[in-house]
Amino acid sequence: MRRLPRKQTDRDLLNASRDGAGGFDAFYLRHHNAVLAYLVGRAREPEIAADLTAETFAAALVAVHDRKRGLPLSPVAWLFTIAHHKWIDSLRRGQVEDEARRRLALEPLVLDDDALARIEQVASSTELRAHLAEWLPADQVHALCERIVAERDYSDIAGELRCSQAVVRMRVSRALTTLRSLEANHD
Amino acid sequence: MTDVLDVLRAQLLAAERTLAANGPPSRRTRGRPVSARVVLASLLIFLGGSAVTVATQPWAPLLAHRSPGAPISTTSDTAPPATELGLLSVLRRAQDSLDRSATATHLLGLIGDGEIGVRLNSLRLLTTPTGQTALLVSLKHVPGPMSADLCLFFGDDDPAHTTSSTGVCGDTQTLRSNGLIANVGGSIFGLVPDGVSRVVAEYIDGQVVSSPVQGNYFSMIDASTNGSPAGVTAPHRLRWLDSAGRAIGPPWVG
Chain E
1 MRRLPRKQTD
11 RDLLNASRDG
21 AGGFDAFYLR
31 HHNAVLAYLV
41 GRAREPEIAA
51 DLTAETFAAA
61 LVAVHDRKRG
71 LPLSPVAWLF
81 TIAHHKWIDS
91 LRRGQVEDEA
101 RRRLALEPLV
111 LDDDALARIE
121 QVASSTELRA
131 HLAEWLPADQ
141 VHALCERIVA
151 ERDYSDIAGE
161 LRCSQAVVRM
171 RVSRALTTLR
181 SLEANHD
Chain S
188 MTDVLDVLRA
198 QLLAAERTLA
208 ANGPPSRRTR
218 GRPVSARVVL
228 ASLLIFLGGS
238 AVTVATQPWA
248 PLLAHRSPGA
258 PISTTSDTAP
268 PATELGLLSV
278 LRRAQDSLDR
288 SATATHLLGL
298 IGDGEIGVRL
308 NSLRLLTTPT
318 GQTALLVSLK
328 HVPGPMSADL
338 CLFFGDDDPA
348 HTTSSTGVCG
358 DTQTLRSNGL
368 IANVGGSIFG
378 LVPDGVSRVV
388 AEYIDGQVVS
398 SPVQGNYFSM
408 IDASTNGSPA
418 GVTAPHRLRW
428 LDSAGRAIGP
438 PWVG
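Quick mapping for you: the protein sequence lines, in order, are chains E and S. The working numbering puts the first residue of the first sequence at 1, with every later residue one more than the last. The working numbering puts the first residue of the second sequence at 188, with every later residue one more than the last.
No wet-lab data here; the hints were simulated from the structure. Since this is a predicted model, take the numbers as computed values, not measurements. Everything hinted at is true.
Derived SDA-like pairs: lysine to any residue, alpha-carbon spacing no greater than 20 angstroms straight-line:
{"id": "1", "chain 1": "S", "residue 1": "Lys327", "chain 2": "S", "residue 2": "Arg306"}
{"id": "2", "chain 1": "E", "residue 1": "Lys68", "chain 2": "S", "residue 2": "Asn209"}
{"id": "3", "chain 1": "S", "residue 1": "Lys327", "chain 2": "S", "residue 2": "Thr261"}
{"id": "4", "chain 1": "S", "residue 1": "Lys327", "chain 2": "S", "residue 2": "Ser263"}
{"id": "5", "chain 1": "S", "residue 1": "Lys327", "chain 2": "S", "residue 2": "Thr265"}
{"id": "6", "chain 1": "E", "residue 1": "Lys68", "chain 2": "S", "residue 2": "Ala208"}
Only chain S is shown next, with the shape it has when bound in the complex (with noise of 0.2 angstroms):
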């Protein structure tokens, strides 16, 4: 079933994006005499056109570079690799111009040094539906044992707190296998694959916890620490669900 809901914020959502492109629309346009060359103009525009153009205008935002002699991070202008294309939707999309606003540029200062070859352009911002921001970054894949080629990053707006960075990094399998997930501050959140609707947390005590997931991305109060019998720590047990309620992993089997 289409949730009626849902398309109404698809919709709103894909406005917001054109209104952050393009400014607010003119009352006056109604009656008035348009091309047809306008009209298919604004048609792309509204169709995604607004993400094409910013990906296309070249962007080098500074990365950190904290510590003296700490190796400085580099950028990479290659696409993520099918693999990660593959398994989030949010990478397919094109980078849009709340991908480059000042929330992701802020959030992309919180990388650490010595990164190699963070793809800007494909940078995500991803808000969860209660406001949380984090910013989705593709590396470079660089063999070895602490390879890690995505990251998701989050912090506030807080400027005295952005010296030190959360985070959670792995690989596609991992991504695969458990999603990339972190427990953190009374707060679970995570990257999952696409197919995952929902990410539900299910307690010993028999609690349980469950969260929308927005362009991959979710975020959950952890029940352990809002008011959980003593003794009850992390979740015993992580489920995905599809938009139909089935389960579907973890691991994903997409």
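Chain E on its own, in the form it takes in the complex (with noise of 0.2 angstroms):
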């Protein structure tokens, strides 16, 4: 018997996927869940993030399969930028675009009472902060997810830290950074 195989990479699933051999459908297994809980968190509405959600991995998919287009070098961070933007382009416009849907012929997705329940459930049973440690170093993350996911003061987290405010800004500041880079890489 030989052993099995290894887990692979999220950047072995897009390329796979750029290939043609499938991929991005385990990509979307891993992370969906967290997309939408954070998407829940800043939309407020589980319609809205549900939207959101769809025309997050859309864009992702589009993206993945243009190749001009480099791979993310780091595939969860740069989702997570997709799902933000989205959500900040849904707040400029007023609406949440469709137009990564639009182009894969996705049909809108049909929200009943369940379907919300599921994403409210979804959402407050999803640890964002083990999605972020992926791709961050420990203490950024940690004052990332209390100051952005949490929407905690930076009093707060500095009192609960026993550090200045000044650090968790610094720290703050960083995981801002690198999502920053990690997206200029991408472009």
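Mind assembling these two chains? They're in different frames, but the hints should get you there.
Quick look at the structure:
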């Protein structure tokens, strides 16, 4: 008997998808709960979060199959950056854009009460920190989660960590800089 | 209840298959006049035409022949028997480009010498939610005590491991009774009939591990090799659940 195949990395999965060997489905299954949870936390409305999640993954799939673009060095960071931008865009426009979904001919999601309850259940039971920890140093993950995800004040976080607010601000800043650099590398 | 995340997943999977077959969609198609013929053709492709396309194209990958003097494996153009088609939805869908991808060809190379009637047009590349792949192979039935009509092979991308195989084989009766299940290298994996949405492994120490089924295929970590107390070995029992969480086997009673 041979050993089992090693677990494929996110980059393996995206590479496989680009090469026509599948992989995006597994990528979606790994991260959809975390992306949805993040967007529920931002948008506050499960309907909006579901649309943003669909548009985020559709945009990611389109990008993966665009051979003019390099594949992201850090797929998780890249995915959350897309999600973040989709959310910001929805605030600016007053609606969730659907360009990527239209390009892929995806049908609009039908959201009944059960679906909305399911979204809220997923959001409440998903640990975002574990996903962030895959691509940021631990201190930055903590600061970023507390500030951006939990929306706590700098003073509260500093009190908990027994450090100055300046240190917390620096860690959050570094984390966001890492995000931006990853995004820039991708573009 | 239909899970909206599963609906989105299915849409993305269909879109990925279309992209793999046709390349990325053009941003410029929006607003451009398109003839009704083109619209119809695009619709057919999106609804599965890509899979039909590859299924009608000739394909002749090399089968393994490692041992001089050993019988050479042979292929068959026949369709799987109705019993297999009736149990496995993954065989009822059309073969697509992923089923003929480099990954599938690699796994095909793991088939041993002397297999008779490998149905190339019925090969299916199966993928677990964790990204592990396996190749489902339907074989022409050969009467005998070692008869195996269905095999599941899996491996990795490491060329150093292409000279032997991990797989599990059986007939449709085995599939109905227990599924084609293997417990290897810290994982439990296997093929189960239609209607099984989740496989649950129960251990004698009370541990329970489960895995969703995707395309009749599942794979899960074997809890007996994952920090379990000493003495706990194989799962005490495997249960099959339907989409509503009801126990439906094994054995399969559909």
